[in-house]
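There are 2 protein chains.
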Amino acid sequence: MTVGRSIRDFAPILRWASRYNGAAFTDDLLAALIVTIMLIPQSLAYALIAGLPPEVGLYASTAPLVAYAIFGTSTALAVGPVAVISLMTAATVGDFADGDPERYREIALALAFIVGLILAALGALRLGFLANFLSHPIISGFITASGILIAAGQVKHILGVKADGDSLIGIARSLTEHASAAHLPTMLIGGGVIAFLYWTRSYMKPLLMKFGVKDRPAAMTARAAPLLAIITTIALVTAFHLADSGVAIVGATPKGLPSLTLPAFDWPLWRALLGPALLIAVIGYVESVSVAQTLAARRRERIDLDQELFALGASNIAAGVAGGFPVTGGFARSVVNFDAGARTPAAGAFTAVGIAFAAMFLTPLLFNLPKATLAATIIVAVLSLVDLKTMKRTWRYSKADFAAMMTTVLGVFAFGVEAGVMAGVILSIFLLLYRASRPHSAVVGQVPGTEHFRNVLRHKVITSSTVASVRIDGDLFFANARFLEDRLVSMAPEGKGVTDVVLMCSAINSIDLSALEALETANRRLKEAGVKLHLSEVKGPVMDALKRSHFLDELSGGVYLSEFDAMSALDHATFHPVAPVNAARNTPSEA
Amino acid sequence: MTVGRSIRDFAPILRWASRYNGAAFTDDLLAALIVTIMLIPQSLAYALIAGLPPEVGLYASTAPLVAYAIFGTSTALAVGPVAVISLMTAATVGDFADGDPERYREIALALAFIVGLILAALGALRLGFLANFLSHPIISGFITASGILIAAGQVKHILGVKADGDSLIGIARSLTEHASAAHLPTMLIGGGVIAFLYWTRSYMKPLLMKFGVKDRPAAMTARAAPLLAIITTIALVTAFHLADSGVAIVGATPKGLPSLTLPAFDWPLWRALLGPALLIAVIGYVESVSVAQTLAARRRERIDLDQELFALGASNIAAGVAGGFPVTGGFARSVVNFDAGARTPAAGAFTAVGIAFAAMFLTPLLFNLPKATLAATIIVAVLSLVDLKTMKRTWRYSKADFAAMMTTVLGVFAFGVEAGVMAGVILSIFLLLYRASRPHSAVVGQVPGTEHFRNVLRHKVITSSTVASVRIDGDLFFANARFLEDRLVSMAPEGKGVTDVVLMCSAINSIDLSALEALETANRRLKEAGVKLHLSEVKGPVMDALKRSHFLDELSGGVYLSEFDAMSALDHATFHPVAPVNAARNTPSEA
Numbered sequence: 004m005t006v007g008r009s010i011r012d013f014a015p016i017l018r019w020a021s022r023y024n025g026a027a028f029t030d031d032l033l034a035a036l037i038v039t040i041m042l043i044p045q046s047l048a049y050a051l052i053a054g055l056p057p058e059v060g061l062y063a064s065t066a067p068l069v070a071y072a073i074f075g076t077s078t079a080l081a082v083g084p085v086a087v088i089s090l091m092t093a094a095t096v097g098d099f100a101d102g103d104p105e106r107y108r109e110i111a112l113a114l115a116f117i118v119g120l121i122l123a124a125l126g127a128l129r130l131g132f133l134a135n136f137l138s139h140p141i142i143s144g145f146i147t148a149s150g151i152l153i154a155a156g157q158v159k160h161i162l163g164v165k166a167d168g169d170s171l172i173g174i175a176r177s178l179t180e181h182a183s184a185a186h187l188p189t190m191l192i193g194g195g196v197i198a199f200l201y202w203t204r205s206y207m208k209p210l211l212m213k214f215g216v217k218d219r220p221a222a223m224t225a226r227a228a229p230l231l232a233i234i235t236t237i238a239l240v241t242a243f244h245l246a247d248s249g250v251a252i253v254g255a256t257p258k259g260l261p262s263l264t265l266p267a268f269d270w271p272l273w274r275a276l277l278g279p280a281l282l283i284a285v286i287g288y289v290e291s292v293s294v295a296q297t298l299a300a301r302r303r304e305r306i307d308l309d310q311e312l313f314a315l316g317a318s319n320i321a322a323g324v325a326g327g328f329p330v331t332g333g334f335a336r337s338v339v340n341f342d343a344g345a346r347t348p349a350a351g352a353f354t355a356v357g358i359a360f361a362a363m364f365l366t367p368l369l370f371n372l373p374k375a376t377l378a379a380t381i382i383v384a385v386l387s388l389v390d391l392k393t394m395k396r397t398w399r400y401s402k403a404d405f406a407a408m409m410t411t412v413l414g415v416f417a418f419g420v421e422a423g424v425m426a427g428v429i430l431s432i433f434l435l436l437y438r439a440s441r442p443h444s445a446v447v448g449q450v451p452g453t454e455h456f457r458n459v460l461r462h463k464v465i466t467s468s469t470v471a472s473v474r475i476d477g478d479l480f481f482a483n484a485r486f487l488e489d490r491l492v493s494m495a496p497e498g499k500g501v502t503d504v505v506l507m508c509s510a511i512n513s514i515d516l517s518a519l520e521a522l523e524t525a526n527r528r529l530k531e532a533g534v535k536l537h538l539s540e541v542k543g544p545v546m547d548a549l550k551r552s553h554f555l556d557e558l559s560g561g562v563y564l565s566e567f568d569a570m571s572a573l574d575h576a577t578f579h580p581v582a583p584v585n586a587a588r589n590t591p592s593e594a
Numbered sequence: 004m005t006v007g008r009s010i011r012d013f014a015p016i017l018r019w020a021s022r023y024n025g026a027a028f029t030d031d032l033l034a035a036l037i038v039t040i041m042l043i044p045q046s047l048a049y050a051l052i053a054g055l056p057p058e059v060g061l062y063a064s065t066a067p068l069v070a071y072a073i074f075g076t077s078t079a080l081a082v083g084p085v086a087v088i089s090l091m092t093a094a095t096v097g098d099f100a101d102g103d104p105e106r107y108r109e110i111a112l113a114l115a116f117i118v119g120l121i122l123a124a125l126g127a128l129r130l131g132f133l134a135n136f137l138s139h140p141i142i143s144g145f146i147t148a149s150g151i152l153i154a155a156g157q158v159k160h161i162l163g164v165k166a167d168g169d170s171l172i173g174i175a176r177s178l179t180e181h182a183s184a185a186h187l188p189t190m191l192i193g194g195g196v197i198a199f200l201y202w203t204r205s206y207m208k209p210l211l212m213k214f215g216v217k218d219r220p221a222a223m224t225a226r227a228a229p230l231l232a233i234i235t236t237i238a239l240v241t242a243f244h245l246a247d248s249g250v251a252i253v254g255a256t257p258k259g260l261p262s263l264t265l266p267a268f269d270w271p272l273w274r275a276l277l278g279p280a281l282l283i284a285v286i287g288y289v290e291s292v293s294v295a296q297t298l299a300a301r302r303r304e305r306i307d308l309d310q311e312l313f314a315l316g317a318s319n320i321a322a323g324v325a326g327g328f329p330v331t332g333g334f335a336r337s338v339v340n341f342d343a344g345a346r347t348p349a350a351g352a353f354t355a356v357g358i359a360f361a362a363m364f365l366t367p368l369l370f371n372l373p374k375a376t377l378a379a380t381i382i383v384a385v386l387s388l389v390d391l392k393t394m395k396r397t398w399r400y401s402k403a404d405f406a407a408m409m410t411t412v413l414g415v416f417a418f419g420v421e422a423g424v425m426a427g428v429i430l431s432i433f434l435l436l437y438r439a440s441r442p443h444s445a446v447v448g449q450v451p452g453t454e455h456f457r458n459v460l461r462h463k464v465i466t467s468s469t470v471a472s473v474r475i476d477g478d479l480f481f482a483n484a485r486f487l488e489d490r491l492v493s494m495a496p497e498g499k500g501v502t503d504v505v506l507m508c509s510a511i512n513s514i515d516l517s518a519l520e521a522l523e524t525a526n527r528r529l530k531e532a533g534v535k536l537h538l539s540e541v542k543g544p545v546m547d548a549l550k551r552s553h554f555l556d557e558l559s560g561g562v563y564l565s566e567f568d569a570m571s572a573l574d575h576a577t578f579h580p581v582a583p584v585n586a587a588r589n590t591p592s593e594a
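Just so you know, the protein sequences line up as chains A and B, in that order.
Take 4 as the starting number for the first sequence in the numbering used here and just add one per residue.
Take 4 as the starting number for the second sequence in the numbering used here and just add one per residue.
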């Protein structure tokens with residue numbers, strides 16, 4: 004192959020396809036089969052969360068997987084509809100669809116397409132770092148709260164009643180109003196499936212192993228429990244004509260795959276979807292990359308973060324073109340894919356073929372599937388997202404992080420997913436701004452017997468009565484420019500006899516123009532008060548930058564190679580060099 | 004006086020009023036007289052920029068000054084209407100007033116009131132640090148662009164034509180359309196005043212000094228040139244009945260002061276005004292504080308930044324109650340106040356009395372004032388805001404800062420003030436996020452003959468083939484958590500024989516939960532690859548926090564007091580202690 008490096012980076016499939024062989028094929032095919040069996044009920048269920056007909060979940064599990072197989076860098080990640088993104092889709096699309104199901108599907112397609120464009124654009128601009136601004140406590144709080152919100156939203160299907168609401172309070176109120184209409188057969192099906200699924204989690208694998216099934220096949224079979232529940236409840240509904248007695252069923256589902264279509268370009272709608280789409284894109288990306296990195300670490304593989312943006316972008320564009328809705332990498336199915344032995348992204352493509360097969364031939368069998376069964380699989384799946392352990396741990400580790408987490412949780416409960424996550428993001432950025440505006444700083448003095456200068460609050464040090472010195476631990480830039488100016492000026496309080504202020508620059512790697520101007524202002528303010536400003540231990544690149552300005556000409560004091568040089572030059576009486584051998588003098592002006 | 008400290012902090016007037024004496028009174032009164040003479044034309048002119056009748060400018064220069072005298076901490080700051088804030092007021096109010104002048108005034112009042120509430124709230128919450136996120140290049144670009152935009156917006160009054168537009172392009176297009184209707188007498192007045200004002204700037208003071216006037220009185224008299232221009236052109240219009248021949252005049256102006264009223268509470272309007280009001284508040288605050296700090300430095304006084312928020316808040320609330328519009332501290336008038344010898348904030352209160360006198364008795368004299376005269380004083384005033392020197396200097400110092408500046412300038416020109424400054428703020432926060440997501444880091448090795456470990460790229464150092472060590476220079480938190488994880492894992496590339504990775508923590512002052520989880524993940528990923536993770540030089544508070552988590556139990560490697568201890572323990576063959584006397588061993592685990 005003569006494909007250049009850049010093209011292979013763009014489509015990693017070109018890198019591994021040429022080495023693809025029979026052994027990898029067999030492994031991938033087996034993994035794909037197992038994931039397909041797990042993904043069919045998940046796809047149907049998550050479509051329900053998104054407020055879409057169940058077959059749309061299958062469509063969302065075909066083309067996007069092929070796109071990821073071409074562009075993705077994880078050998079184990081399985082993409083498709085996931086619970087939290089489906090919930091966000093429902094919250095977004097519901098706002099614009101006016102209750103029209105046809106319109107609802109169109110908007111879901113457009114949303115997937117826009118999410119894809121945003122992800123691809125972020126990847127092209129190498130803006131993956133934006134995902135850093137969802138802090139872990141906020142993501143964790145968001146997922147826990149979403150899990151509870153999703154489970155609450157499914158209770159109506161288990162009760163067999165109509166209810167609505169975007170927030171926990173709204174859902175609870177609506178459920179209370181309709182509770183008296185609860186439908187017993189539906190509740191029995193839903194409750195039975197929930198009980199069965201919880202039972203299989205704990206007992207099915209040991210039971211199978213008792214019957215001689217080996218460890219891994221037993222675990223894999225236990226994963227098929229939701230499919231078993233679906234088959235069983237379809238059989239029950241069919242045998243006892245439960246649909247006639249009021250059990251809500253999925254009903255007629257189109258056979259085959261939808262033809263590929265570009266979503267209609269409707270600028271006012273697209274503009275309105277941009278904000279929610281950005282949120283979905285970022286949350287989907289963060290979740291997916293976490294899963295991919297966890298699994299890649301086990302095989303010592305690398306995930307390319309910018310390429311992942313692009314690959315998830317392609318997957319969502321594919322979802323928007325092929326009749327789906329927003330997708331991302333799912334945790335449970337990726338772990339199954341990994342455990343089942345998937346060796347290349349081809350496993351994802353094979354899974355897509357399996358799902359496409361299901362969409363083409365099996366949908367008529369879904370006619371009698373009770374909605375309560377899907378709701379039950381959702382409830383069991385999402386309640387495992389609820390993570391009280393992390394909450395407890397956060398509380399113990401940091402009250403500030405806990406506050407951010409609870410803001411997100413309560414935001415989601417009270418105002419819904421979008422408002423909740425926005426509250427979390429705004430709080431994250433706010434905390435960042437706050438932190439950036441006050442870097443750590445320390446007044447320093449000489450550690451006796453050395454030429455080291457350390458924090459006066461932490462060490463027994465020698466200080467001068469006329470020369471005050473402060474070390475600022477961080478780059479100087481616009482966010483802390485005012486802090487810098489105030490800190491320097493405050494080093495020489497009126498009437499205390501301070502004649503010189505030394506800024507120890509050992510921890511400063513850059514100074515932007517705002518900080519430079521703050522330095523100039525501080526220099527001028529100190530000068531007007533009769534105090535000289537000096538710098539010590541300025542690093543090379545910072546010195547180069549300062550030389551491009553007039554600051555060094557205006558500086559009232561000097562620039563010293565080391566803090567000791569500065570202090571001993573300015574207060575010779577107090578600071579003495581260490582004699583005779585002095586390793587500390589080997590300190591160049593770079594830390 | 005027995006007033007407690009907290010109350011005196013809240014209203015600094017209580018601190019200086021008890022020491023107030025005759026000498027201070029005389030100085031303040033003289034300064035107030037001079038500022039009043041300067042402020043009358045400015046107030047009239049800036050009301051014109053804000054799209055309000057000229058007398059509203061006078062109202063905005065009364066009560067707000069009294070409020071600042073009570074709550075402010077600067078002895079020299081003169082508040083009132085300023086050009087840039089007036090422009091922002093016009094841009095905001097114009098969007099909501101639907102061309103109804105009565106409604107326009109009401110909204111301007113509400114806007115001032117909301118700006119005041121926001122400033123007071125920021126002060127109460129001690130959120131003054133938010134102002135840090137307007138970087139100097141962005142503020143400088145914004146003011147330069149606003150100056151040009153304001154001047155362009157006044158050209159219509161000089162030409163005596165009707166024109167409109169919010170952006171430079173819009174104004175230019177509108178002026179071109181109407182240029183053929185230009186009115187010669189108006190142009191002569193406007194052009195004459197501009198020429199006169201520019202002449203006085205350079206030649207009036209020397210001329211006065213030639214006639215024996217002393218330096219300071221000569222400078223002060225030159226400052227009265229705009230008032231002279233106003234008197235002269237009123238006389239011309241009156242003498243030659245120029246209003247009849249088409250020169251636009253100010254016309255009937257109400258006499259007296261408006262009664263105090265609370266703006267009507269109209270929630271949809273208030274909510275819509277919140278965003279623009281926040282911008283006006285922050286920009287006004289930044290400008291005002293810069294002026295106050297510059298002048299305070301000359302007298303070695305201190306400005307209390309949070310109290311200033313509160314004082315400007317009170318001034319704007321006063322403006323909203325007393326018939327004005329948003330105000331802040333102005334540069335030129337504060338310098339005049341300072342130079343004229345103002346000793347306490349009482350000078351501001353005396354200025355307010357002067358302006359109130361003008362509003363009560365002099366407004367009938369303004370009937371024949373040509374609008375072209377006011378426009379001319381505006382143009383001369385705002386063109387001095389255009390600061391090409393800073394632009395050049397920014398270009399030389401930093402291309403990134405220059406890009407931020409030009410984004411703001413072009414944003415203001417193309418889309419108006421609000422969009423321009425928002426583009427600047429978003430860019431600022433974006434740059435901050437970007438910077439925060441990748442702290443400086445360095446692979447380190449031993450400086451021969453010492454126990455110091457330094458950047459391998461900058462020093463000739465000894466490194467190990469099996470132990471890789473990296474120093475990260477900055478606090479670890481959510482914004483750089485992913486960077487941290489990747490950096491640590493990338494230290495042990497597959498097949499290079501690295502068995503241990505040491506994170507040197509000398510520059511790390513805090514680790515939040517997101518970063519802790521990133522450390523845990525990196526530890527797990529490295530462990531799965533058979534590599535141990537160690538920490539060195541962990542500071543006390545960081546160690547305390549780590550002990551509250553399970554991280555230290557899970558850590559595959561150890562925690563070492565110094566980098567040298569870690570490296571020599573892990574690769575004894577490569578790293579040797581320095582003999583015999585070794586000052587560097589005196590290094591405690593705090594930097």
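Treat the hints with caution; some may be incorrect.
As the list makes no split between identical chains, a pair holds if one copy fits it or if it spans any two.
Stated by the list, open to error - Under the rule of at most 25 Å between Cα atoms (straight-line distance), these lysine-lysine pairs were calculated in the BS3-like manner:
| no. | residue 1 | residue 2 |
| --- | --- | --- |
| 1 | 165 | 402 |
| 2 | 550 | 402 |
| 3 | 402 | 208 |
| 4 | 530 | 392 |
| 5 | 392 | 550 |
| 6 | 165 | 213 |
| 7 | 530 | 258 |
| 8 | 395 | 550 |
| 9 | 165 | 463 |
| 10 | 530 | 213 |
| 11 | 213 | 395 |
| 12 | 217 | 165 |
| 13 | 395 | 535 |
Bear in mind the hints are in silico, worked out from the structure with no lab data behind them.
Quick one: which hint numbers does this structure break? Sort them smallest to largest. Violated: hints 1, 3, 6, 7, 9, 10, 11, 12, 13.
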